[in-house]
Amino acid sequence: MKRSLRPLAATAVIFLIAYAVSVLQFPGMLSTRVLGNFLTDNAFLGIAAVGMTFVIISGGIDLSVGAVIGFTGVLVAVLITWFGVHPLVAFAIALLVAALFGAAMGLTIHYLQVPSFIVTLAGMFLARGGASVITQDSVPINHEFYRTISEAIIRLPGGGRLSFIGLLMVAVFLVGALLAHRTRFGSYVYALGGNTVSALLMGVPVARTTVQIYMLSSVLAALSGIVFSLYTSAGYPLAAVGVELDAISAVVIGGTLLTGGYGFVLGTFVGVMLLGLVQTYIIFDGTLSSWWTKIVIGVLLFLFIVLQRIIFAASAPGEESSEKV
Amino acid sequence: MKRLHLERLANPQLLALVAVLLINWLLFPNFFRIAWQDGRLFGSMIDVINRGAPVAILAIGMTGVIATKGVDLSVGAIMAVCGAVAATMVVAGYPTPIAVIAALAVGLACGLWNGFLVAVLDIQPIIATLVLMVAGRGIAQLITEGSIVTFNDPALVYLGTGSFFGFPMAAVIALVLMIVVTLLVRRTAIGLFIQAIGVNRAAASLAGIHSRMLLMLVYALSGFCAAIAGIVVAADIRGADANNSGLWLELDAILAVVIGGTSLLGGKFSIPLAVVGALIIQAMNTGILVSGFRPEFNLIVKAGMIILILMLQSPLLGNAIGFFKRDPKQANSR
Amino acid sequence: MADGEYVLEARGVMKIFGNHVALDTVDFGLRKGEVHALLGENGAGKSTLIKVLTGAYQPDGGGIYMDGAQISLDNPLHAQSFGIGTVYQEVNLLPNRSVAENLFLGHQPLRFGFVNFRKMEADARVLLANYDLQIDPASELGTHSVAVQQIVAIARAVQLSGKVLILDEPTASLDRNEVERLFEVIRGLKAKGLAIIFITHFLDQVFAISDRVTVLRNGKLIDTRPLDDLSRTDVVRLMLGKDIAFSGATDIESNAAQNEVLVEFKGYGRKRGVLPFDLTIHKGEVVGVAGLLGSGRTEVARIMFGADPADQGTVTVNGQLTAIRKTTDAIRHGFGFCPEDRKAEGILGDLSVRENIVIALQGKLGWFKALNRDEQFEIAGRFSEAMDIRAASLDMPVKLLSGGNQQKVILSRWLATDPAFLILDEPTRGIDVGAHAEIVRTINRLRDEGMAMLVISSELDEVVAYSSRIVVMRDREMVAELRGKNINPGIIVQAIANNTDEAVA
Numbered sequence: 000m001k002r003s004l005r006p007l008a009a010t011a012v013i014f015l016i017a018y019a020v021s022v023l024q025f026p027g028m029l030s031t032r033v034l035g036n037f038l039t040d041n042a043f044l045g046i047a048a049v050g051m052t053f054v055i056i057s058g059g060i061d062l063s064v065g066a067v068i069g070f071t072g073v074l075v076a077v078l079i080t081w082f083g084v085h086p087l088v089a090f091a092i093a094l095l096v097a098a099l100f101g102a103a104m105g106l107t108i109h110y111l112q113v114p115s116f117i118v119t120l121a122g123m124f125l126a127r128g129g130a131s132v133i134t135q136d137s138v139p140i141n142h143e144f145y146r147t148i149s150e151a152i153i154r155l156p157g158g159g160r161l162s163f164i165g166l167l168m169v170a171v172f173l174v175g176a177l178l179a180h181r182t183r184f185g186s187y188v189y190a191l192g193g194n195t196v197s198a199l200l201m202g203v204p205v206a207r208t209t210v211q212i213y214m215l216s217s218v219l220a221a222l223s224g225i226v227f228s229l230y231t232s233a234g235y236p237l238a239a240v241g242v243e244l245d246a247i248s249a250v251v252i253g254g255t256l257l258t259g260g261y262g263f264v265l266g267t268f269v270g271v272m273l274l275g276l277v278q279t280y281i282i283f284d285g286t287l288s289s290w291w292t293k294i295v296i297g298v299l300l301f302l303f304i305v306l307q308r309i310i311f312a313a314s315a316p317g318e319e320s321s322e323k324v
Numbered sequence: 000m001k002r003l004h005l006e007r008l009a010n011p012q013l014l015a016l017v018a019v020l021l022i023n024w025l026l027f028p029n030f031f032r033i034a035w036q037d038g039r040l041f042g043s044m045i046d047v048i049n050r051g052a053p054v055a056i057l058a059i060g061m062t063g064v065i066a067t068k069g070v071d072l073s074v075g076a077i078m079a080v081c082g083a084v085a086a087t088m089v090v091a092g093y094p095t096p097i098a099v100i101a102a103l104a105v106g107l108a109c110g111l112w113n114g115f116l117v118a119v120l121d122i123q124p125i126i127a128t129l130v131l132m133v134a135g136r137g138i139a140q141l142i143t144e145g146s147i148v149t150f151n152d153p154a155l156v157y158l159g160t161g162s163f164f165g166f167p168m169a170a171v172i173a174l175v176l177m178i179v180v181t182l183l184v185r186r187t188a189i190g191l192f193i194q195a196i197g198v199n200r201a202a203a204s205l206a207g208i209h210s211r212m213l214l215m216l217v218y219a220l221s222g223f224c225a226a227i228a229g230i231v232v233a234a235d236i237r238g239a240d241a242n243n244s245g246l247w248l249e250l251d252a253i254l255a256v257v258i259g260g261t262s263l264l265g266g267k268f269s270i271p272l273a274v275v276g277a278l279i280i281q282a283m284n285t286g287i288l289v290s291g292f293r294p295e296f297n298l299i300v301k302a303g304m305i306i307l308i309l310m311l312q313s314p315l316l317g318n319a320i321g322f323f324k325r326d327p328k329q330a331n332s333r
Numbered sequence: 000m001a002d003g004e005y006v007l008e009a010r011g012v013m014k015i016f017g018n019h020v021a022l023d024t025v026d027f028g029l030r031k032g033e034v035h036a037l038l039g040e041n042g043a044g045k046s047t048l049i050k051v052l053t054g055a056y057q058p059d060g061g062g063i064y065m066d067g068a069q070i071s072l073d074n075p076l077h078a079q080s081f082g083i084g085t086v087y088q089e090v091n092l093l094p095n096r097s098v099a100e101n102l103f104l105g106h107q108p109l110r111f112g113f114v115n116f117r118k119m120e121a122d123a124r125v126l127l128a129n130y131d132l133q134i135d136p137a138s139e140l141g142t143h144s145v146a147v148q149q150i151v152a153i154a155r156a157v158q159l160s161g162k163v164l165i166l167d168e169p170t171a172s173l174d175r176n177e178v179e180r181l182f183e184v185i186r187g188l189k190a191k192g193l194a195i196i197f198i199t200h201f202l203d204q205v206f207a208i209s210d211r212v213t214v215l216r217n218g219k220l221i222d223t224r225p226l227d228d229l230s231r232t233d234v235v236r237l238m239l240g241k242d243i244a245f246s247g248a249t250d251i252e253s254n255a256a257q258n259e260v261l262v263e264f265k266g267y268g269r270k271r272g273v274l275p276f277d278l279t280i281h282k283g284e285v286v287g288v289a290g291l292l293g294s295g296r297t298e299v300a301r302i303m304f305g306a307d308p309a310d311q312g313t314v315t316v317n318g319q320l321t322a323i324r325k326t327t328d329a330i331r332h333g334f335g336f337c338p339e340d341r342k343a344e345g346i347l348g349d350l351s352v353r354e355n356i357v358i359a360l361q362g363k364l365g366w367f368k369a370l371n372r373d374e375q376f377e378i379a380g381r382f383s384e385a386m387d388i389r390a391a392s393l394d395m396p397v398k399l400l401s402g403g404n405q406q407k408v409i410l411s412r413w414l415a416t417d418p419a420f421l422i423l424d425e426p427t428r429g430i431d432v433g434a435h436a437e438i439v440r441t442i443n444r445l446r447d448e449g450m451a452m453l454v455i456s457s458e459l460d461e462v463v464a465y466s467s468r469i470v471v472m473r474d475r476e477m478v479a480e481l482r483g484k485n486i487n488p489g490i491i492v493q494a495i496a497n498n499t500d501e502a503v504a
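Residue numbers (numbering that gives the first Met the number 0), protein chains in the order written: chain G, 0 to 324; chain S, 0 to 333; chain F, 0 to 504.
Read the hints as simulated data drawn from the structure, not as lab findings.
It is possible that some hints are incorrect.
Stated by the list, open to error - List of simulated lysine-lysine pairs, BS3-like, C-alpha gap at most 25 Å:
hint, chain 1, residue 1, chain 2, residue 2
1, F, K325, F, K368
2, F, K368, F, K219
3, S, K267, F, K189
4, F, K325, F, K282
5, S, K68, F, K282
6, F, K50, F, K118
7, F, K342, F, K50
8, F, K282, F, K31
9, S, K267, F, K162
10, F, K282, F, K265
11, S, K68, F, K398
12, F, K191, F, K162
13, S, K68, F, K189
14, S, K267, F, K118
15, F, K342, F, K398
16, F, K270, F, K282
17, F, K363, F, K282
18, F, K270, F, K189
19, F, K191, F, K219
20, F, K265, S, K267
21, F, K363, F, K325
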């Protein structure tokens with residue numbers, strides 16, 4: 000097996016075992032209802048995590064994701080509720096704003112040659128601050144369109160429901176996977192994460208690709224914010240605080256190397272589902288408290304970082320000589 | 000060390016602090032008024048040093064980490080854990096000193112864990128410390144069992160809200176810590192070694208410096224400082240809030256260190272200037288509050304500060320690409 | 000000389016960095032279907048010339064001509080469009096991606112806007128077959144040996160450029176069989192009419208594959224000659240600039256051999272570094288190390304100092320059997336080491352001259368026995384005076400000093416620890432004449448004071464002037480030890496070139 004597939008395989012196996020154990024303990028977890036809710040409840044996280052996957056594969060990190068989700072929710076809510084804009088127009092505006100925002104971050108990262116974490120940190124402050132300046136309160140959205148969307152569900156046998164937003168997440172994952180694994184842009188993203196110097200010498204348009212990556216991440220974060228507003232029917236400036244950490248965790252647990260160069264979009268899907276499973280298990284159990292989620296995620300994160308370290312340090316024949324200074 | 004030279008006072012950080020304070024004064028003429036009431040000082044300036052203390056304390060530890068080309072993202076979460084430990088222990092009836100020592104020990108242990116990941120397993124600092132950043136709040140909630148543990152232990156509360164010769168206790172703790180840590184690194188060779196590792200780890204190790212022990216030390220110190228900040232914050236609100244204690248303060252601490260002139264690329268550092276950086280951040284916060292703006296403007300101002308600093312440092316950063324991913328393949332090219 | 004004779008030509012190329020002339024009116028011509036070796040020691044200007052030819056640097060004078068017409072190259076990609084492809088020592092490909100993608104990145108075949116993997120891998124298979132490489136094109140490049148990666152890099156370069164191929168030390172990390180494999184590929188390309196520039200440190204390889212050779216020294220063209228009329232000794236002589244003269248033998252009496260033994264290495268070596276060697280070093284003795292770049296001379300220094308620990312053999316210091324696994328072990332025994340690459344491994348650029356001088360002594364003293372500011376100034380001042388370090392202030396960052404002064408700072412750093420044994424790797428490279436003389440004087444003085452030293456240098460005059468004994472390195476092996484009247488540039492050149500009998504006395 001390719002070494003880059005090993006962490007993903009580990010995630011998949013852990014997911015299957017964990018799910019099997021959960022089902023043995025709570026047979027109710029093996030139902031279309033639970034599975035359908037899996038998708039719906041994690042839709043916004045999943046969509047944001049797709050963007051984060053691209054960023055991390057390219058060797059960067061995007062801390063602004065949660066803030067962009069919050070900002071988008073507020074922007075959409077304010078446009079719809081205060082200004083009476085049609086939701087679809089509001090969505091388009093929000094996605095455009097996010098694209099510009101991501102482009103600005105990408106430009107800064109590339110041309111000022113600064114670490115992505117500090118640039119996206121500024122982005123996070125800016126987006127969170129911007130949202131709070133627009134409004135400090137939760138702005139409810141009460142629009143016909145929102146009701147239509149939330150009623151647009153596919154009923155599954157066994158009482159399960161596939162919601163629009165759940166399906167949207169699946170679609171984003173599929174498109175993301177195509178983009179990452181089947182296009183030149185995707186190969187450039189991996190090239191940046193592999194070795195920037197080589198990428199430049201091999202003719203990868205480094206500046207353009209960097210800008211596109213952060214635009215993609217911000218646009219997907221905005222889409223995630225839209226989904227979040229559909230999910231909660233409101234916009235709140237402090238919504239989705241810390242989602243970037245969940246997204247990063249899902250990406251890493253899904254087999255993407257945090258130092259860049261290796262990873263799979265669909266692996267992130269497994270990562271998101273594994274996080275969802277942990278949460279669902281805790282709810283089913285009833286005696287365990289929600290904080291265990293964070294601890295389990297932290298432990299998984301640690302295990303996967305060490306696992307990747309072992310896999311990628313042990314089997315790299317061509318790189319051994321680079322240790323010699 | 001404490002020999003003050005006039006030219007050393009004329010550095011950009013202190014000038015910036017003075018400028019921010021002057022702007023505050025223009026916006027709010029009573030800014031510098033200090034009153035004496037109930038045996039303690041009151042006033043906006045006192046507020047700045049009191050509220051700036053937690054970030055200042057974090058920045059003291061963070062400076063060493065950043066000087067070695069690292070970063071510690073977990074300090075906010077460690078604050079929550081240590082605050083939770085101290086609070087639950089006093090509530091459970093342990094004597095205050097024991098609770099405080101236990102909380103400090105937990106912070107130290109968290110720092111050593113980070114140091115282990117960075118120095119021994121050789122994991123990039125930003126990734127290594129992410130683990131505790133994610134898991135830390137969960138652990139804190141586990142300790143507090145999800146609730147905000149409130150307490151009324153007078154000795155512990157004193158650490159957060161007491162006063163010492165009229166000065167707020169938190170600020171006094173920060174000042175003492177700053178002096179102690181500065182003396183620790185400057186009166187020993189530790190400071191020199193930290194800079195040497197940050198500037199050129201290969202050359203430092205050829206000159207006979209053990210980088211592993213030193214890395215363990217800086218991360219342990221950072222964890223320890225986070226523990227102190229966590230205790231101070233918990234004592235201030237008389238409760239341990241696992242969710243919000245220290246939330247995003249790691250980012251403020253990094254910002255304070257960077258404002259204090261320590262490059263994210265490692266090397267020369269100054270702990271007192273990082274503390275000044277923390278005061279600048281807080282002075283702007285307070286200024287925004289007293290002049291009637293919404294506190295949320297803070298975030299935008301901070302973003303502006305980061306962008307400004309990036310602009311100022313960019314030519315310097317330009318020739319040292321790859322802080323985030325130190326790729327040995329690139330680093331060795333002859 | 001007809002213009003059309005050369006595919007690629009540099010005429011009177013100049014390149015100046017600050018006040019250092021890296022290339023001084025160099026002419027270089029490359030013919031179709033030849034393998035042209037480019038030789039020279041570090042700092043001779045090889046890599047600068049290559050960077051000018053690939054567009055990474057713009058020449059400050061002279062011009063680049065292709066098929067007789069002047070061209071200007073903006074960057075390596077632009078050079079590629081002129082048909083000039085380059086393969087570097089460290090493979091500049093993406094180890095994290097598949098072989099096929101590395102061959103076609105940026106030019107992947109598309110179908111409906113998506114990469115057509117089936118076609119790309121089929122194309123890759125066809126392409127690799129030309130190189131007798133039967134590997135799965137879908138496999139990750141990084142899982143293959145460096146040799147295979149080199150061939151993939153060559154395949155990419157030839158596929159995209161196809162006229163001129165520049166091979167910049169491609170064999171540096173290959174074993175014998177891999178080198179042979181690579182040579183077959185090169186011969187095949189030569190037969191197809193490609194013009195190939197081949198850079199290496201290994202003379203065997205130059206003779207095995209090249210048609211002509213160009214030698215650079217100190218930024219100047221020394222000569223371009225067909226290899227047929229040259230012997231190995233001739234080539235070494237061109238590179239090191241030594242006429243074989245049997246005069247100038249050292250006047251240093253090797254009475255040092257009667258001195259007390261300080262360090263003794265027995266069967267000391269390291270896999271992929273240096274073959275096991277025996278060497279005894281006495282007090283008050285300078286052992287010179289001669290050898291070309293890549294001969295293992297730096298590796299000897301590094302394993303002696305524990306920077307790359309030995310994995311076989313023993314070391315005895317002052318009669319005590321000991322182990323040197325890390326640099327601090329060596330320092331504890333009174334060793335010091337000035338590395339070859341001052342900037343990357345020597346100086347702490349942002350720190351002051353003072354801090355750079357005291358750092359090793361402080362490292363020896365440990366965390367808590369700190370030298371205070373006054374002591375640091377006293378030590379730094381003493382050495383900067385003794386070594387004549389020209390710095391405006393002891394508090395200025397060492398990176399602002401000239402190369403020669405930086406070298407004196409590093410030397411002072413070790414002298415401050417009062418060492419018994421100093422290892423100097425190319426202590427005089429790239430520094431001005433004054434500093435050069437000062438360092439040579441210092442080496443002589445220290446030897447007379449009883450210090451033992453191992454000095455690596457490619458300046459033969461210099462080695463001869465201060466060495467009590469000279470060991471010669473070739474192909475990672477210590478091949479000769481010269482004493483007495485054999486310490487003579489001519490004999491050293493012969494010993495470096497080949498293991499002839501007269502070289503080993």
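Problem - Structure versus earlier hints, numbers of those that do not hold, lowest first - result: 2, 3, 5, 6, 8, 9, 13, 14, 16, 18, 19 and 20
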